[in-house]
Amino acid sequence: MQPQPADNAARSVIDIAKLSLTFETGDGPVHALSDIDLNIGAGEFVSFIGPSGCGKTTLLRVIADLEAPTGGTISVNGMSPHEARLARAYGYVFQAAALYPWRTIAENIALPLEIMGHSREEQAERVRRNMELVDLDGFERKYPWQLSGGMQQRASIARALSFDPDLLLMDEPFGALDEIVRDHLNEQLLKLWAKTDKTVVFVTHSIPEAVFLSTRIVVLCPRPGRIYDIIDNPLPRDRGLDIRETAEFLKVAHRVREGLRAGHSYDD
Amino acid sequence: MSPVTRILSTLALVVALMGSMLTVVETPIMTLGLFALPVLLVGVLLSILVLAPYRTGLLSGARACAALTGVSLLMAAALLGTVSAYPAAASHGFWAYVLVAWAMAWLSVEELSGLTPQSPLGQRLVALAIPLAFGVWLLILWQLAVVGFGVPRVLLPAPSEIWLRLLSSPQILWEDFRQTFLKAVLIGYALGCGSGFLVAILVDRVPFLRRGLLPIGNLVSALPIIGVAPIMVMWFGFDWPSKAAVVVIMTFFPMLVNTVTGLAAADRIQHDLMHTYAANYLQTLLKMRLPMAMPFIFNALKINSTLALIGAIVAEFFGTPIVGMGFRISTEVGRMNVDMVWASIAVAALAGSLFYGLVTLIERVVTFWHPSVRG
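Residue numbers (this note's numbering), protein chains in the order written: chain A, 1 to 268; chain B, 1 to 375.
Bound-form chain A, shown alone (with noise of 0.2 Å):
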């Protein structure tokens, strides 16, 4: 059943145990995560996957240190998410690129290595690999308005990854664009994936995009936002494309269907 080898489930990256998040609003309270427990081992890609509303970007962000949890504990590579943050533990990518329109591509991907004080020569050399890997070579000196959304998203990618953290935190990066380009940028990220043997937690709403990517899916379901179900992704590793036509990708799809319809209310 766990397609994990025994070393990586070793080291376990995020611990979630009861976790709550209620927030007060005008018309009561909202509890956008309630009673969430779950561990993520060193180089898992685990998807968390939901209606809107279900409080998965929310709980990517209270991992992230964006949100503050008002109930249960939680820890990443054994500190406090805020001592993690500090520590610049993860990279975040966001739903939007958010480069700056002032600086070229490389002064972007150089943002976070300037922030953090890293020497020139040392900006410059991770600017050069990290651009390498998300194959955006050749565009250093271009402006992020005149690169195409994927390769924004792409830059943004290489923006996290400069600074070379263990965990990769992606709130629905791809949304934004359309299936060819996004097909494309998701066999890519499995490569890079791959690559650098990074922890990686990913959140979408699409079905085929966490069975393709995952080596482990979160369904979760809405209000309150809970945790329906864990499904280990039986696929291989090392997977292409047309993996998405094998019975086995289906089986696995569709059990993440089940857990979305079961899951959601139809109340509304």
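Do not take every clue at face value.
Quick list of the computed label-pair ranges, beta carbon to beta carbon [said to hold, decoys possible]:
{"no.": "1", "chain 1": "A", "residue 1": "Asp135", "chain 2": "B", "residue 2": "Leu186", "range": "49 to 57 Å"}
{"no.": "2", "chain 1": "B", "residue 1": "Tyr281", "chain 2": "A", "residue 2": "Gly71", "range": "28 to 36 Å"}
{"no.": "3", "chain 1": "A", "residue 1": "Gly149", "chain 2": "B", "residue 2": "Arg268", "range": "13 to 21 Å"}
{"no.": "4", "chain 1": "B", "residue 1": "Tyr281", "chain 2": "A", "residue 2": "Thr22", "range": "54 to 62 Å"}
{"no.": "5", "chain 1": "B", "residue 1": "Pro117", "chain 2": "A", "residue 2": "Leu86", "range": "13 to 21 Å"}
{"no.": "6", "chain 1": "B", "residue 1": "Leu202", "chain 2": "A", "residue 2": "Gly149", "range": "33 to 41 Å"}
Honestly, the hints are just simulated from the structure, not real lab data. For each residue, glycine too, the CB sits at the ideal point set by N, CA and C.
Got chain A; can you put chain B on it based on the hints?
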């Protein structure tokens, strides 16, 4: 050919033909028709020669534009020469030809704006030629009207008189310019914009200042400059510092408000991004929020470049040493030296436009990335 150009060219052609039967100038001793004024006669004949094929469509495009421009300028020169030889004596025929020349100028600009040159240099020249033609024809019509109708120069001097005044008193105008622009305006502008900017950073950093200082800043901006200027004279003396103080008061608030707005321009994702890098306040300010605020800051710099000049000139109405553009305007009006007043206004307008243009130029360099600049 658009309906407007069709009507205008027909009208110009008819008026040019009919005008030959009218008197052009009436002096107390004689009446002169078109045929007594050979230069004007040549101009009118050429206009008919250009207008007729233009109206029928034989002449169009760049050639029509060149012909219309050339003949309309020739007409303008002939009319200007005639009117200065017989000032305040213009008759019906004269105004008929003014109408013809103006119509041809209109048509030439119409043709010019229809041109689409291939080279970027050509496009830039066309873009420059259109406002230039407007400006030149404004001056020509002004000159013709003032001299032709014999308008008293106390009411409105002719452009030629203002030009002569500019040429004959450069010393006085330069002294005024130095006193008002180089001292009061520039120093007041730098201090006002600079302090507005710094206070905006402070207001942004300290929340209670935002609630306390912004309303007071609003109050200061609402102070009538006419009321403040005499008080500044009492505080800072007659010389330029009191005028610079008025400029500071006028320019402070636009800069404050725009910078505060600009600092809030970054959206949530961009703030989150800096947060994930654990960037400190200064890094976030310098690497994200200030570049983001630049379009707003330049907005204030542009508004202030004109406000500063107005403030300094008006402030000089309330006590000043015997130099300065505001002083010159207020005293020369009293002496009926209206050409000097207009010369000062011309200098102020030119200085103000150049200042504004310079700020705009710097803006284009700094905010090259903004959608409104990168095109």
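Against the structure, the hints:
1. A:Asp135 to B:Leu186: 49 to 57 Å: holds (52 Å)
2. B:Tyr281 to A:Gly71: 28 to 36 Å: holds (30 Å)
3. A:Gly149 to B:Arg268: 13 to 21 Å: holds (19 Å)
4. B:Tyr281 to A:Thr22: 54 to 62 Å: violated (30 Å)
5. B:Pro117 to A:Leu86: 13 to 21 Å: Between B:Pro117 and A:Leu86, where Cβ atoms are some 59 Å apart, the hint is violated.
6. B:Leu202 to A:Gly149: 33 to 41 Å: holds (39 Å)
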